[in-house]
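Following the hints, complete the assembly by docking chain B onto the known chain A.
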Amino acid sequence: MNKNIFLYTLILVFGLAAPFIFPAFKVQLSILCVLIILAVTWNIQGGEMGYNSFGNILFYGLGMYLCASVQVGMFFPLAEWTESGGEKTFVHTPKQFFQGIAFGLLVAAIVPTIVAGLIGYSILGLRGHYFAICTLGLGVAAGEISGGIEIIGAGQGFTTPPFPDVGGLEARGEFFYFCSFFALVFTFIIIRAIYSTRFKLILNAIRDNEDKAEAMGIETMKYKIIGWMVSAFFCGLAGGIMGGLVGYIDSTDVAFDGREMGVFMVLMAILGGKGTLWGPIIGATVFHIFKEGFWTFFLGWQYVALGVLIVVIVIYFPEGIMGWLREKYPERFGEVVDEKDRKAQVELK
Amino acid sequence: MDFMVFQYPMITVQACLDGILLGVLFALIAYGMALQWGVMNIINIAQGDLVILGGYIAYFMYLYGIHPAWGVIVSPIIMYFVGVGIYKLVINKVVDRDLFISILATFGISILFMQLMNFAFGADVVLANSGYGTTFLFDSNVVLPNSKIFSAAISIIFAICLVIYMKKSKLGRAIRATAQNARAAKILGVDTEKVYAATFGINAALCGVAGALISITFTIHPYMGLPYTIRSFMIVIVAGLGNLPGVAISGMGLGVFEEFADYILGTEFRIGSVFLLLVLILVYRRFKLSRKREYLK
Numbered sequence: 057m058n059k060n061i062f063l064y065t066l067i068l069v070f071g072l073a074a075p076f077i078f079p080a081f082k083v084q085l086s087i088l089c090v091l092i093i094l095a096v097t098w099n100i101q102g103g104e105m106g107y108n109s110f111g112n113i114l115f116y117g118l119g120m121y122l123c124a125s126v127q128v129g130m131f132f133p134l135a136e137w138t139e140s141g142g143e144k145t146f147v148h149t150p151k152q153f154f155q156g157i158a159f160g161l162l163v164a165a166i167v168p169t170i171v172a173g174l175i176g177y178s179i180l181g182l183r184g185h186y187f188a189i190c191t192l193g194l195g196v197a198a199g200e201i202s203g204g205i206e207i208i209g210a211g212q213g214f215t216t217p218p219f220p221d222v223g224g225l226e227a228r229g230e231f232f233y234f235c236s237f238f239a240l241v242f243t244f245i246i247i248r249a250i251y252s253t254r255f256k257l258i259l260n261a262i263r264d265n266e267d268k269a270e271a272m273g274i275e276t277m278k279y280k281i282i283g284w285m286v287s288a289f290f291c292g293l294a295g296g297i298m299g300g301l302v303g304y305i306d307s308t309d310v311a312f313d314g315r316e317m318g319v320f321m322v323l324m325a326i327l328g329g330k331g332t333l334w335g336p337i338i339g340a341t342v343f344h345i346f347k348e349g350f351w352t353f354f355l356g357w358q359y360v361a362l363g364v365l366i367v368v369i370v371i372y373f374p375e376g377i378m379g380w381l382r383e384k385y386p387e388r389f390g391e392v393v394d395e396k397d398r399k400a401q402v403e404l405k
Numbered sequence: 003m004d005f006m007v008f009q010y011p012m013i014t015v016q017a018c019l020d021g022i023l024l025g026v027l028f029a030l031i032a033y034g035m036a037l038q039w040g041v042m043n044i045i046n047i048a049q050g051d052l053v054i055l056g057g058y059i060a061y062f063m064y065l066y067g068i069h070p071a072w073g074v075i076v077s078p079i080i081m082y083f084v085g086v087g088i089y090k091l092v093i094n095k096v097v098d099r100d101l102f103i104s105i106l107a108t109f110g111i112s113i114l115f116m117q118l119m120n121f122a123f124g125a126d127v128v129l130a131n132s133g134y135g136t137t138f139l140f141d142s143n144v145v146l147p148n149s150k151i152f153s154a155a156i157s158i159i160f161a162i163c164l165v166i167y168m169k170k171s172k173l174g175r176a177i178r179a180t181a182q183n184a185r186a187a188k189i190l191g192v193d194t195e196k197v198y199a200a201t202f203g204i205n206a207a208l209c210g211v212a213g214a215l216i217s218i219t220f221t222i223h224p225y226m227g228l229p230y231t232i233r234s235f236m237i238v239i240v241a242g243l244g245n246l247p248g249v250a251i252s253g254m255g256l257g258v259f260e261e262f263a264d265y266i267l268g269t270e271f272r273i274g275s276v277f278l279l280l281v282l283i284l285v286y287r288r289f290k291l292s293r294k295r296e297y298l299k
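Protein sequences appear in the order of chains A and B. Residues 57 to 405 in the working numbering are what the first sequence lists, from first letter to last. Residues 3 to 299 in the working numbering are what the second sequence lists, from first letter to last.
So here's chain B without its partners, still in its complex pose:
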């Protein structure tokens, strides 16, 4: 236990800023999760592994001498096709089945990806150095790497673009119609199969963007996928499906929580505290709902 964080206000400021910049990334991943959950009614455990895969694409560009920031453009394009491929092979068979089946099937995909990435890229913790330098604030008491600010900015830009795309474009309208009522959409001439494939592809592309940004700002490792899945799941259940400002705010909240847990409990409990928070949120939600049910009685 380390309570230094409360004695020095600057550390608090640092943790908050770090948390918010991190949370924006989480929110981007969670947005993809909410999209596929709302449209296809599946929970994708492999979400985090898609993120890591996207990160490795950016990392490879870095290895071959291309600036990793270009990964933000390249990675989503590749990941879109990866996502569509996964949809065609596996997901389209579980879309209209029990949710548990989709959880288990994507769990299988997650294990598969984890191990394939382990073979292909090795088990080392890697990062793509962007060389963006750092910003010092408050008499250099608060240190912010520019790459974090860059990644937060890029995530926000992508999120805004996607929201506009979903509102204005034909495919976006079709996706929203399918989410509301797949059968009615089908009757009105929407090819739901294509919509599902596109949704999963867009989700994978979002993961690709987030992964490329994570590989620039933080580190990636083949086995680090599951925490990202859990984080995005948590953000979606806190915010609710289809509540975009909620996703952004709860993403940042989670980021800040994690930074504080890191300072107070120590880094070894960071992932543990995320999972524990998930359990606590679900239990809280269950008691809240049961009170509501009693009230209705």
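Chain A with its partners taken away, still in its complex shape:
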């Protein structure tokens, strides 16, 4: 336990100091925080509950649009803002900007949660691959439909309010970094709390055998919906932050980007190891480093690399990094392995 507290303090201190140690990587670090949030929350229902969704991008995009719309709509007419394409006809004062983004993030987190709750009953009744394809459809449909709605910019996109003139670019980077970092810390605390409750065990029971769990008297539908809502809450929050960070929202390329973000979150969780607390975090970090390397040095070939990466990870590392470590050092994970038993197994092979 002591060792854990030491580790957490170290990470926290590193996280707080990071933008000052690596000032050039502030945006990358913020994106990393957002990616970790997405991976960890995908893991709640993909890894723990066994409901592999491609559709969490729905909540992410929803949060992005909501946060920006609230931020603009609180002070200015939204339709005129999008029509002007973010020209400087309306300027947020610093106070308006921070009020707007605080309230916007709140809405961005809560509304997707409610949406998840509302559609949860009908969607989560689907099992296995039907669920996966259905959520894939949801995400793409949301992107296509939001690309046709005039008030949020339709196909031409939506410019989020520019950062007010306090401290320039440096301050902007720091503000969004700390936004995403605190969101990450908040997410981690909640998810860790969930890991020590009965709720997590129920999710695992649903993953292992849903019918049996139901027979044991667990109201599986209720817990499935709650699990999905937890995911949606943090996805919306992450989306809101990402919208402000990118500064420009496009329906299919930024917000409901099933081809990138939607697959990334699944991939990161699988790369790190589904169904573990630290797996998605490690997976997201490794993936982000890998991705940035590719995006920088092989520009243009990044999707080719991504496609190959998906296939390789899925086929050769379906257990992920944590699963591999677990097989290698089972003692570390609190699994007692009988030495004779292991030898016998090796001989059998």
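If you are wondering where the hints come from, they were derived from the structure by calculation, not from laboratory data. Each hint should be verified, as a subset may be incorrect.
As the list claims (entries may be wrong) - A partial selection of chain A residues facing chain B, derived with a Cβ cut-off under 10 Å:
1) Q84
2) T149
3) Y186
4) C190
5) V360
6) G363
By construction, the Cβ of each residue, glycine as well, lies at the ideal position given by its N, Cα and C atoms.
Frame of chain A; chain B shown alone:
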């Protein structure tokens, strides 16, 4: 919103005919989807990208001065080997695994193909002009390009040939036996590995035919694959596995639905409405099944 479609009956007729001719193509793609789903128990997200690749083969023939209709013959032959290649490289490792693994792996293939096609052929919307002219019906109120009629006819011919092949040939019997029970088929001397490879190849060849026809009748673009996958998935779940008339009818139904959605909601919502329809169908199916479960209780 545009309700002109209900005021002028001729537009309704036009939409229905267009939809049916389009739906036949969808049904052909869906037949391939049903085949591999039934035999190998995998869902191939890259299905649509195989279609687009097949389309580009026909388009290239057109560029080099060969009539694109010959693509209907050439494209499936090339695509068969592409399909077998994909099987040997990737699919054979995911066949006996969880369905989700196959979905994700084929999703990776889909992204890969999309981008490679983007590099190789450019991001322009292209079509292979067949020069077949148009047919005018009902005092030229209804306009049907001959290429659409040609493509529907070719799809039907291919579908019939395939059904007969599956019924009569040795490989067809082996494929059907593997679909029923892979283990028993293995015991009785069927080389399931070969059967799987052939199934995936046949599926890719079907996609090639459909793609060549699409490049003649409509347009192709490297990123247009996913909607075709979703359409074929939708058709298969509506019709059920192994229900060929069902596949044909629900394919045409989907085509008609799309044409009407195009007229009523506008072209920008066309793809969105397809995906939304998928969600609605799945949700409807879920409630229907849960009622059945309650009834059994």
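Going through the hints against the structure:
1. Q84: Violated. Min distance 23 Å.
2. T149: Since the shortest Cβ distance to chain B is 36 Å, the answer is violated.
3. Y186: Where the cut-off is 10 Å and the nearest Cβ of chain B is about 6 Å from Y186(A), the hint holds.
4. C190: holds (4 Å)
5. V360: Since the shortest Cβ distance to chain B is 5 Å, the answer is holds.
6. G363: Cβ of G363(A) sits 3 Å from chain B, so the hint holds.
Hint check: violations occur at hints 1, 2; the rest are consistent with the structure.
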